[in-house]
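A.B. asks: If you read the protein sequences in the order shown, they are chains W and A.
In this text, residue positions in the first sequence follow the numbering used here: the first is 1, and each later residue adds one.
In this text, residue positions in the second sequence follow the numbering used here: the first is 1, and each later residue adds one.
Wrong hints could be hidden among the right ones.
[As the list claims (entries may be wrong)] Derived list of chain A stretches under chain W, where covered just means 3 residues or more per stretch with a C-beta under 8 Å from a C-beta of chain W:
{"no.": "1", "stretch": "9-17"}
{"no.": "2", "stretch": "101-109"}
[To be verified] Some chain W residues close to chain A (C-beta under 7 Å, calculated; not the full set):
{"no.": "3", "residue": "12"}
{"no.": "4", "residue": "43"}
{"no.": "5", "residue": "44"}
{"no.": "6", "residue": "46"}
{"no.": "7", "residue": "102"}
{"no.": "8", "residue": "103"}
It should be emphasised that the hints constitute simulated quantities derived from the structure, not laboratory data.
Note that CB positions come from ideal geometry on N, CA and C, so glycine has one too.
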Amino acid sequence: DAKTTQPTSMDCAEGRAANLPCNHSTISGNEYVYWYRQIHSQGPQYIIHGLKNNETNEMASLIITEDRKSSTLILPHATLRDTAVYYCIAFSSGSARQLTFGSGTQLTVLP
Amino acid sequence: NAGVTQTPKFQVLKTGQSMTLQCAQDMNHNSMYWYRQDPGMGLRLIYYSASEGTTDKGEVPNGYNVSRLNKREFSLRLESAAPSQTSVYFCASIPSGMNYEQYFGPGTRLTVT
C-alpha cells in the first residue's frame, strides 16, 4: 500500500470548514483512499473513502486530485466534537485487507 | 446490534502473567483484526483473520497468539506479559465484499508492571 503523509496538527475555528490534506504520491491505480478518525481514547471511526471521484456523505467530503497524488478531507462545519486524530490511508483490495494506520493529523477545533 | 465488543475494558498484569483478550462481533463479518496503540502513536496491526479458520501475522506479532474461535469471536493471548506490551488493544472487523470499512471495538487498556 502507498505511504501517506499528513501534517502533524491543525487548528480550525468552530463553525468553519476544516480542510485536512493528505499526500499519497505513490498511490497505484487500484488503491482507495480511506479516512478514519479517532476521538480521544475511543476506537477509530470510519469517515469516508474514494478511488477517483470526489465523494460526500453525511459526515464529510473527500476531494481527490485528478492525478490522485493527494486528497483533502473536508468537514464543512466543524464542531468541538470533531476534535480528533484523522488518519488518511491508501489501501488496495489485494493487500489482504490490512489497513496501515500512520500517525495522522491532530485536528483541534477551537471555540 | 452491539457491533464489536471487547472484554475486559481495563487490565493490570504483573510481568510474566498470561491473559486472553476477547473480541466478538455480531455483524456477520468475515475478517477480524487486532491492533495495539501505544501512547501518542498510530495503530499497529498485531494479527488478523481474513476468514474463519485462518490467521496471519501483522506488523508486530511477537509475544502474542490468536484464535479465531468461530466467525464471531477472535481472541488475543499474551502468554508471558512484558512491560513493553503495555498498550491499548483494539479489535476490528470488516464485512465481505468490496467494502473495507473497519468497525472498531472500544479497546482494552492493558498495563503490565
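A.B. asks: Minimum Cβ distance from residue 46 of chain W to chain A below 7 Å?
C.D. replies: With a minimum Cβ separation of about 4 Å from chain A (threshold 7 Å), the hint on residue 46 of chain W holds.
A.B. asks: Using 7 Å as the Cβ threshold, decide whether residue 12 of chain W counts as touching chain A.
C.D. replies: Interface hint status for residue 12 of chain W: violated (21 Å vs cutoff 7 Å).
A.B. asks: How about residue 44 of chain W: closest beta carbon in chain A under 7 Å, or not?
C.D. replies: Holds. Min distance 5 Å.
A.B. asks: Just to be careful: measuring from the Cβ of residue 102 of chain W to every Cβ in chain A, is the smallest value less than 7 Å?
C.D. replies: OK, holds: residue 102 of chain W within 7 Å of chain A, min 5 Å.
A.B. asks: Does the closest beta carbon of chain A sit nearer than 7 Å to the beta carbon of residue 43 of chain W?
C.D. replies: holds, 3 Å
A.B. asks: Should the interface hint for residue 103 of chain W be scored as holding, given a Cβ-Cβ cut-off of 7 Å against chain A?
C.D. replies: holds, 5 Å
A.B. asks: When I compare C-beta atoms, does the stretch 101-109 of chain A have three or more residues closer than 8 Å to chain W?
C.D. replies: Per the Cβ count (7), the hint holds.
A.B. asks: Taking 8 Å as the C-beta cutoff, is the stated coverage of the stretch 9-17 of chain A by chain W satisfied by three or more residues?
C.D. replies: violated (count 0)
Comparing the model with each numbered hint stated earlier shows that hints 1 and 3 do not hold.
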